Amino acid sequence: MNITDALDSTNTPLYDSLSRHTKIHFLPNDNWHVNVWYSVFHGKESVIYYSPVACPQAQLSRQLLFLELQCNGYRRVLDGLSLLPDTNQWMQTIVKSIDTCLQNQKIANRWLAMGYDLEQLLYEDDADIFEYFEQMLAMKGYSEMYLLTSYWGFTNPLLNVSANQRKYLHQKFCVYAGGKLRTRLLETDSLLFRWANVSAYEAKTYVLAMANILGIKQDTWLSYEYNKGAFFEEQFPQAGFFVGQPFGLEQVRKVYS
Numbered sequence: 092m093n094i095t096d097a098l099d100s101t102n103t104p105l106y107d108s109l110s111r112h113t114k115i116h117f118l119p120n121d122n123w124h125v126n127v128w129y130s131v132f133h134g135k136e137s138v139i140y141y142s143p144v145a146c147p148q149a150q151l152s153r154q155l156l157f158l159e160l161q162c163n164g165y166r167r168v169l170d171g172l173s174l175l176p177d178t179n180q181w182m183q184t185i186v187k188s189i190d191t192c193l194q195n196q197k198i199a200n201r202w203l204a205m206g207y208d209l210e211q212l213l214y215e216d217d218a219d220i221f222e223y224f225e226q227m228l229a230m231k232g233y234s235e236m237y238l239l240t241s242y243w244g245f246t247n248p249l250l251n252v253s254a255n256q257r258k259y260l261h262q263k264f265c266v267y268a269g270g271k272l273r274t275r276l277l278e279t280d281s282l283l284f285r286w287a288n289v290s291a292y293e294a295k296t297y298v299l300a301m302a303n304i305l306g307i308k309q310d311t312w313l314s315y316e317y318n319k320g321a322f323f324e325e326q327f328p329q330a331g332f333f334v335g336q337p338f339g340l341e342q343v344r345k346v347y348s
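Residues 92 to 348 (the numbering used here) are what the sequence shown spells out, left to right.
Derived by calculation from the structure, the hints in this document are not laboratory data. The structure displayed is predicted, hence computed values, not measured ones. A couple of the hints might just be wrong.
Only pairs whose alpha carbons sit at most 25 Å apart, straight line, appear in this in silico BS3-like list of lysine-lysine [claimed, not checked]:
| hint | residue 1 | residue 2 |
| --- | --- | --- |
| 1 | K263 | K231 |
| 2 | K345 | K308 |
| 3 | K187 | K295 |
Please model the entire structure based on the sequences and the hints provided.
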């Protein structure tokens, strides 16, 4: 596809404005396992990866809004480590869920105001999202971590579900397993409403609050960088922040040696 076809009268002003702050490169997403649009912000330069879709204008607009978030000061939480092995095994799910949730909440009103339809964000092989959540919530035995991170995905205002479907699924989440998570789900709703409507882009307070909702209150470090292999010791702890009291590399080695 020709990426210029994704520019229209609605998103071109946003593209032009962003281009004054970060040079945007466009590359095809050749990963057939994850055939989606996504973007990477590198300060003065950014990359938008694209794939064939029915409405590239809607997809491009969403990625431009994600980049604008970061130009305005939002920092993505990308990695982390916990001294608690049960928490650490969920770390990639935790950080991805927090980051994706916060980004979608922040851009949703802007994207909707651009006049696109939610159906235009669908990929060809996307499952029916209402059916997916309905079937999920009909099954028993999910962990609290799985349910809460799934709920964060459900709160995305850009999901292709009707108001009545959203209300129905929200009730199903609230009564799941006897309603044991209802208080934390309502706390999530309140937190995300505040984040979506506040003018600031500094998200650390909200990230910590979301970790707290998951029951993560200590012995954990969250990072703004990917910290695999040798990069971890180079960037720990200055590339992120602690949940609870700080700890050092010697404690990490003691747990994971």
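Quiz item: Taking only the CA atoms, is the gap from K187 to K295 under or equal to 25 Å?
Solution: Given pair K187, K295 holds - Cα atoms ~15 Å apart, limit 25 Å.
Practice problem: Measure nothing beyond the straight line between the CA atoms of K263 and K231; if it is 25 Å or shorter, mark the hint as holding. | Solution: It holds: about 12 Å lies between the C-alpha atoms, which stays within 25 Å.
Quiz item: Does the alpha-carbon distance linking K345 and K308 stay inside the 25 Å limit?
Solution: Measuring from Cα to Cα gives roughly 20 Å; hence the hint holds.
Violated hints are absent here; each numbered hint is respected by the structure.
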